[in-house]
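Engineer: Let the sequences and hints guide you as you build the complete structure.
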Amino acid sequence: MLLAKRNFAASPLFELHSELDRLSDAFFGRCGASALNSVRAIPALNVREDDDNVYVEAEVPGMKLDELELTVQGDAFGIKGSQDAEQETEHKFHRRERVLTQFARELTLPSKVDADATEATLKDGVLTVKLPKAADERPRKIEVKSA
Amino acid sequence: MNDTTIENNDTCTTETCCRTAQTVYRPAVDVLENEQEWALRANVPGARPENIDIDYERGQLTIRAHVEPRQDNVRYALHEYGVGDFVRTFRVGEDIDPESIVADVRDGVLTVHLPKRETAKVRKIAVQSA
Chain A
1 MLLAKRNFAA SPLFELHSEL DRLSDAFFGR CGASALNSVR AIPALNVRED DDNVYVEAEV
61 PGMKLDELEL TVQGDAFGIK GSQDAEQETE HKFHRRERVL TQFARELTLP SKVDADATEA
121 TLKDGVLTVK LPKAADERPR KIEVKSA
Chain B
1 MNDTTIENND TCTTETCCRT AQTVYRPAVD VLENEQEWAL RANVPGARPE NIDIDYERGQ
61 LTIRAHVEPR QDNVRYALHE YGVGDFVRTF RVGEDIDPES IVADVRDGVL TVHLPKRETA
121 KVRKIAVQSA
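Top line first, the protein sequences correspond to chains A and B. Throughout the first sequence, residue numbering follows the numbering used here, covering 1 to 147 in sequence. Throughout the second sequence, residue numbering follows the numbering used here, covering 1 to 130 in sequence.
None of these hints come from the bench; they were simulated from the model. Keep in mind that a hint or two might mislead.
Computed cross-link-like contacts, EDC-like style, restricted to lysine to aspartate or glutamate with a CA-CA straight-line distance of at most 16 Å [to be verified]:
#, chain 1, residue 1, chain 2, residue 2
1, A, K112, A, D66
2, A, K92, B, E33
3, A, K130, A, D50
4, B, K116, B, E99
5, A, K123, A, D51
6, A, K123, B, D95
7, B, K121, A, E90
8, A, K123, B, D107
9, B, K124, B, E99
10, B, K121, B, E94
11, A, K112, A, E137
12, A, K123, B, E68
13, B, K116, B, E33
14, A, K92, B, E7
15, A, K130, A, D52
16, A, K141, A, E69
17, A, K130, A, E69
18, A, K92, B, E37
19, A, K92, B, E35
20, B, K116, B, E80
21, B, K124, B, E35
22, A, K123, A, D66
23, A, K112, A, E69
24, A, K130, A, D51
25, A, K64, B, D107
26, B, K121, B, D97
None of these values were measured; they are calculated from a predicted model.
Structural biologist: Structure, rendered in structure tokens:
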């Protein structure tokens, strides 16, 4: 089942949405963004690394920096988001798919990092966290001297 | 009374996706209404304001947000989302005034305001006692 592949909070809302997407895909054929692509995990995370750093990227549209909480220890990374539900007293909802208000995720990074040197930036709803690798985890170049 | 004046209309056109091999994504959207307007809120993380296009033509509203690739040829330790353009089309009822549509984007959330025509606004009629 589709949901199993994605990292969803188990919520009937998601299932409904996913079901609707599948239905509309069935109607509109293969050209639309596929159901797999159209529904994203909350928050979707990408993790990449180079020799010196690990980078965690999260899509958190509508979130402010002070609504996000990051925890880093060793190779454990945690992200929490908490947003007051948008006050919508004067509007009536006809469709509600944006559900990113409360979330928490934890993951193991590909290597241990230096928590104190972590930098996070938030731009256009994308959070990028740069985590320098712990000194003893970085690849070392060993010079070979000729005798 | 039709209460779904803004309807999802994800029919595929060659213009939007079939022609290119690139994946496009359908943004999560809220549709709201009050007495004055209809409003759409769409998640378009990573899209710069100058890269967002909103077209209204014959009752169809299309939002298109181009998202620049954030890095090339990277090997991901974890890869949960792809980066690409967001496209979604809606059928819009006749009770809105196309000339007055305005939009803004903040923190990766696009908001489109579609004010209702004067004639479509609910009017309160005072009932007077005789």
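Engineer: Under the constraints set out in the numbered hints, which ones does this structure not fulfil?
Structural biologist: 1, 5, 6, 9, 16, 20, 23
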